[in-house]
Amino acid sequence: MNRFAALLDRLAYEPSRNAKLRLMTAYFAATPDPERGYALAALTGALSFQHAKPGLIRTLVMERTDPVLFALSYDYVGDLSETVALMWPGPRDAAPQPAPRLSEVVGALASLGKAELPRRLAQWLDGLDETGRWALLKLVTGALRIGVSARLAKTAVAALGATEPDEVELVWPGLAPPYEDLFAWVEGRGERPASRDAAPFRPVMLAHAVEAEELARLDPSAFLAEWKWDGIRVQAVAGTRADGRRVARLYSRTGEDISGSFPDLADALRFDGAIDGELLVVRAGRVQSFNVLQQRLNRKSVTAKLLAEHPAHLRAYDLLVEGTEDLRARPFTARRARLEALVARLAEPRVDVSRLVPFATWEELAAARADPEAAGAGVDAEAVEGVMLKGRETPYLPGRPKGPWWKWKRDPFVVDAVLMYAQRGSGKRSSFYSDYTFGVWTEGPNGDELVPVGKAYFGFTDAELAEIDRFVRRNTVNRFGPVREVVHEAEKGLVLEVAFEGLQRSTRHKSGIAMRFPRISRLRWDKPPAQADRLEALERLLRPDTESVSVRPRRRDRAVP
Amino acid sequence: MLSRIDTKTTYLGSMRPQDLLVPTAAGLCCPIAGFHIDPVRGVDRALITHGHSDHARPGHRAVLATRETLDFMRLRYGEDFAGATQEVRYGETVRLGRVSVTFRPAGHVLGSAQIAVAANGLRIVASGDYKDVADPTCAPFEPVPCDVFITEATFGLPVFRHGRPQDEIAKLLQSVRLFPERAHLLGAYSLGKAQRVLAMIRAAGYDRPIYLHGAMETLTRYYVARGIDLGDLRPVRGAPKAELAGAIALCPPSALKDVWTRRFPDPVTAFASGWMRVRARARQRGVELPLVISDHADWDGLTATVAATGAGEVWVTHGAEEALVHWSVANGRAARPLGLVGYGEEDDAQGEAGGAEA
Ligand SMILES: [Zn+2]
Numbered sequence: 001m002n003r004f005a006a007l008l009d010r011l012a013y014e015p016s017r018n019a020k021l022r023l024m025t026a027y028f029a030a031t032p033d034p035e036r037g038y039a040l041a042a043l044t045g046a047l048s049f050q051h052a053k054p055g056l057i058r059t060l061v062m063e064r065t066d067p068v069l070f071a072l073s074y075d076y077v078g079d080l081s082e083t084v085a086l087m088w089p090g091p092r093d094a095a096p097q098p099a100p101r102l103s104e105v106v107g108a109l110a111s112l113g114k115a116e117l118p119r120r121l122a123q124w125l126d127g128l129d130e131t132g133r134w135a136l137l138k139l140v141t142g143a144l145r146i147g148v149s150a151r152l153a154k155t156a157v158a159a160l161g162a163t164e165p166d167e168v169e170l171v172w173p174g175l176a177p178p179y180e181d182l183f184a185w186v187e188g189r190g191e192r193p194a195s196r197d198a199a200p201f202r203p204v205m206l207a208h209a210v211e212a213e214e215l216a217r218l219d220p221s222a223f224l225a226e227w228k229w230d231g232i233r234v235q236a237v238a239g240t241r242a243d244g245r246r247v248a249r250l251y252s253r254t255g256e257d258i259s260g261s262f263p264d265l266a267d268a269l270r271f272d273g274a275i276d277g278e279l280l281v282v283r284a285g286r287v288q289s290f291n292v293l294q295q296r297l298n299r300k301s302v303t304a305k306l307l308a309e310h311p312a313h314l315r316a317y318d319l320l321v322e323g324t325e326d327l328r329a330r331p332f333t334a335r336r337a338r339l340e341a342l343v344a345r346l347a348e349p350r351v352d353v354s355r356l357v358p359f360a361t362w363e364e365l366a367a368a369r370a371d372p373e374a375a376g377a378g379v380d381a382e383a384v385e386g387v388m389l390k391g392r393e394t395p396y397l398p399g400r401p402k403g404p405w406w407k408w409k410r411d412p413f414v415v416d417a418v419l420m421y422a423q424r425g426s427g428k429r430s431s432f433y434s435d436y437t438f439g440v441w442t443e444g445p446n447g448d449e450l451v452p453v454g455k456a457y458f459g460f461t462d463a464e465l466a467e468i469d470r471f472v473r474r475n476t477v478n479r480f481g482p483v484r485e486v487v488h489e490a491e492k493g494l495v496l497e498v499a500f501e502g503l504q505r506s507t508r509h510k511s512g513i514a515m516r517f518p519r520i521s522r523l524r525w526d527k528p529p530a531q532a533d534r535l536e537a538l539e540r541l542l543r544p545d546t547e548s549v550s551v552r553p554r555r556r557d558r559a560v561p
Numbered sequence: 001m002l003s004r005i006d007t008k009t010t011y012l013g014s015m016r017p018q019d020l021l022v023p024t025a026a027g028l029c030c031p032i033a034g035f036h037i038d039p040v041r042g043v044d045r046a047l048i049t050h051g052h053s054d055h056a057r058p059g060h061r062a063v064l065a066t067r068e069t070l071d072f073m074r075l076r077y078g079e080d081f082a083g084a085t086q087e088v089r090y091g092e093t094v095r096l097g098r099v100s101v102t103f104r105p106a107g108h109v110l111g112s113a114q115i116a117v118a119a120n121g122l123r124i125v126a127s128g129d130y131k132d133v134a135d136p137t138c139a140p141f142e143p144v145p146c147d148v149f150i151t152e153a154t155f156g157l158p159v160f161r162h163g164r165p166q167d168e169i170a171k172l173l174q175s176v177r178l179f180p181e182r183a184h185l186l187g188a189y190s191l192g193k194a195q196r197v198l199a200m201i202r203a204a205g206y207d208r209p210i211y212l213h214g215a216m217e218t219l220t221r222y223y224v225a226r227g228i229d230l231g232d233l234r235p236v237r238g239a240p241k242a243e244l245a246g247a248i249a250l251c252p253p254s255a256l257k258d259v260w261t262r263r264f265p266d267p268v269t270a271f272a273s274g275w276m277r278v279r280a281r282a283r284q285r286g287v288e289l290p291l292v293i294s295d296h297a298d299w300d301g302l303t304a305t306v307a308a309t310g311a312g313e314v315w316v317t318h319g320a321e322e323a324l325v326h327w328s329v330a331n332g333r334a335a336r337p338l339g340l341v342g343y344g345e346e347d348d349a350q351g352e353a354g355g356a357e358a
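Chains C and G, in that order, are what the protein sequence lines are. So the first sequence is residues 1 to 561, counted in the numbering used here. So the second sequence is residues 1 to 358, counted in the numbering used here.
Note that these hints are calculated values from the structure, not bench results. On a predicted model such as this, the values are computed, not experimentally measured, just so you know. Even glycine gets a Cβ: it sits at the ideal position worked out from N, Cα and C. Honestly, I wouldn't trust all of these hints.
Unchecked claim - Ranges between beta-carbon positions, derived for each pair: (1) Q284/G - T324/C: 17 to 23 Å; (2) F480/C - R262/G: 45 to 51 Å; (3) E164/C - D266/G: 33 to 39 Å.
Unchecked claim - The calculated DSS-like cross-link candidates involving lysine-lysine, where the alpha carbons are at most 25 Å apart (straight line), are: (4) K114/C - K53/C; (5) K241/G - K428/C; (6) K402/C - K455/C; (7) K492/C - K527/C; (8) K510/C - K455/C; (9) K241/G - K114/C.
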């Protein structure tokens with residue numbers, strides 16, 4: 001357990017994905033079975049047991065410490081598990097306990113009765129050091145948040161051998177902790193574990209972004225186009241187990257099983273096969289914006305009210321498998337014909353096929369992309385993110401192969417905003433001011449003032465980062481720890497062109513709005529802050545009905561070849 | 001104000017503790033012999049516990065301290081840092097009027113001392129900063145029996161338990177092995193902590209060159225001159241970037257976020273401090289590899305030391321006074337916070353949260 005705790009401790013502070021991967025791979029290489037398997041289960045969220053309530057932990061520590069000292073300590077540290085981990089007094093008048101093994105902890109948590117848990121937990125705490133106790137308490141309370149996705153943990157396992165992460169993903173649904181067969185396989189000591197799952201995930205095919213200039217070199221007749229919907233890319237898989245029971249799952253594009261959050265849609269998957277599609281919220285036949293979908297995502301529990309007000313919908317793009325037949329090697333046109341037939345037979349209002357966008361030339365497609373409403377998307381146009389181009393004859397390939405598929409996103413919205421605060425980055429960027437808060441003008445009690453509307457920390461080149469960093473250091477007017485306030489007056493300051501995908505209302509921000517996916521698209525050294533945009537222009541975007549083109553944030557337009 | 005009147009203590013010749021030492025704006029003052037301990041402003045006669053800048057300040061007319069403390073002041077402030085100086089050895093007693101003072105090792109940094117002040121059979125020990133764990137770069141702490149013990153409380157909460165410093169060094173070296181293409185930048189206070197960490201890295205068997213920030217060179221050279229072997233040390237200045245890949249470099253904590261770090265290949269930011277025990281503190285500073293290594297006693301060390309001195313009365317200064325006062329009273333001692341100001345203020349952390357000298 002101490003070794004696992006040391007790994008979690010290090011992962012919790014490590015900002016870089018690549019370094020996290022190496023830390024995990026080194027741990028898996030150095031740790032024997034079955035310990036590493038339970039660690040993998042913990043990292044991928046595959047462990048299930050009744051979580052301990054914070055009240056239980058508080059009671060345990062209160063029995064062993066002075067209440068005044070506990071209160072002062074908790075107040076200082078601010079986190080219950082961490083406070084208890086640090087001030088746990090250790091066994092009194094007893095021989096030191098041996099540190100529990102992770103396998104022992106996991107096994108006991110799954111089988112222990114509620115009444116036995118406190119005593120056993122105390123015993124384990126007695127045997128661990130500060131870091132071990134912290135990890136144990138985070139594990140038993142179900143609060144193990146260390147910034148590692150299940151996908152990343154599986155990738156770390158794959159790196160033990162020469163296995164592709166997607167291969168691990170393929171066998172994963174048939175596996176269970178402590179995954180000894182998986183480790184044996186990736187280390188070249190055993191057979192590839194058989195996938196016994198009736199609804200397994202298949203690695204997803206992704207597209208490269210394309211711009212108009214590159215399109216000019218491609219032959220439009222070789223491609224079909226469909227709308228790219230602004231939802232969650234999912235794989236909907238359903239099948240029948242050997243014992244006759246139905247299995248239906250929704251996977252995210254990285255293979256995480258998200259069926260639990262969308263029981264309404266999972267219940268509608270009455271077919272045998274694997275559909276690639278987009279998860280959307282559709283109300284009264286109209287696709288809702290990503291903001292509405294996000295409201296559903298943010299809820300912890302799926303209530304009847306949520307299901308009724310935010311009904312989940314699958315818009316199908318592709319068919320990978322039907323029954324026992326793997327269609328992935330077939331051309332896209334053939335797969336699409338099979339998909340249309342399957343969805344028609346299913347006759348389920350929650351599932352439909354994403355419509356094709358007719359075009360003969362790139363100019364026609366560009367026009368459709370610029371105005372989806374007129375080009376067939378109708379009332380759903382607000383939820384169109386762009387168009388997807390798929391080679392008519394191309395197979396379904398895992399990963400992001402260059403050539404068969406392209407995504408041609410709608411141009412982002414842009415505003416000119418003024419840099420107000422800059423914060424130091426982390427990791428490689430810790431000596432740079434690389435996180436920027438920017439604002440736009442609004443009328444305040446004393447005339448025009450800047451109100452912050454968002455934060456961005458990418459979009460610029462390394463050279464631009466160095467330029468902004470220099471500007472920040474030379475134009476600081478205030479310091480708050482790692483944050484610097486920089487000069488932002490009508491004639492003095494730095495204007496940033498900020499690109500973003502959309503807006504939503506937010507009560508957390510003074511401006512009342514929050515941006516989706518903001519990034520710095522250009523530095524406007526040429527523009528005085530007085531000429532930056534106003535808040536009203538952004539507010540207009542939140543109420544598309546009151547459209548008035550002149551003050552809406554513009555979509556940045558690019559010439560069509 | 002005493003939290004509890006202690007009737008067990010009898011003060012001979014009707015000398016009360018507050019007649020012998022009294023907190024003033026300039027620091028702890030002995031009115032009957034006319035001296036201050038670690039005064040924060042210029043005074044006639046200063047007794048200095050150790051060389052850290054919040055305790056050893058320039059501008060006093062006369063200074064009494066250990067040789068190393070005087071040397072550190074000289075290195076930092078120049079030859080004329082005081083009107084007159086007098087060197088004192090550990091265990092040596094110096095008479096100042098009716099009062100005798102004795103310096104004892106505090107185990108904090110090289111030359112650090114606790115100062116025992118006695119008159120009329122009453123003894124008060126002002127411990128300055130101290131730690132009760134092994135440190136290869138300074139004399140070990142000795143508990144001094146006394147009537148009143150003045151203790152620091154930098155880490156005066158039960159959540160501060162520093163653990164085994166060797167384990168933290170092992171963590172650093174393991175990371176160096178795992179990321180051989182990255183530099184490991186280790187922030188450490190330049191007086192004491194840096195040299196202790198260097199000595200511990202060497203004791204763990206690491207014998208490759210270790211690189212030093214310019215601000216650490218003078219003090220580290222002094223330690224080496226006093227016979228403390230720290231192995232192959234090189235300045236960061238002028239080292240090509242490729243040579244720093246896979247290397248360990250030490251710098252003052254404030255340099256960790258400085259443009260200075262850009263000369264290193266993809267650095268891992270480490271920081272050796274007792275503050276690293278609390279996650280929010282480590283994260284606030286953007287540390288990727290926190291190492292819990294402290295030159296101050298942790299909670300267990302503070303409480304064990306208070307008990308070992310046998311003092312019936314405890315005065316608590318700089319840090320989390322409240323918890324240690326509470327503990328002392330709960331354990332049958334009179335106790336009070338001293339309310340001294342000006343200590344524990346790091347001199348090279350540039351106002352970021354968390355003491356650098358810890
Ligand atoms: Zn000190």
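Hints breached by this structure
1, 2, 3, 6 and 9
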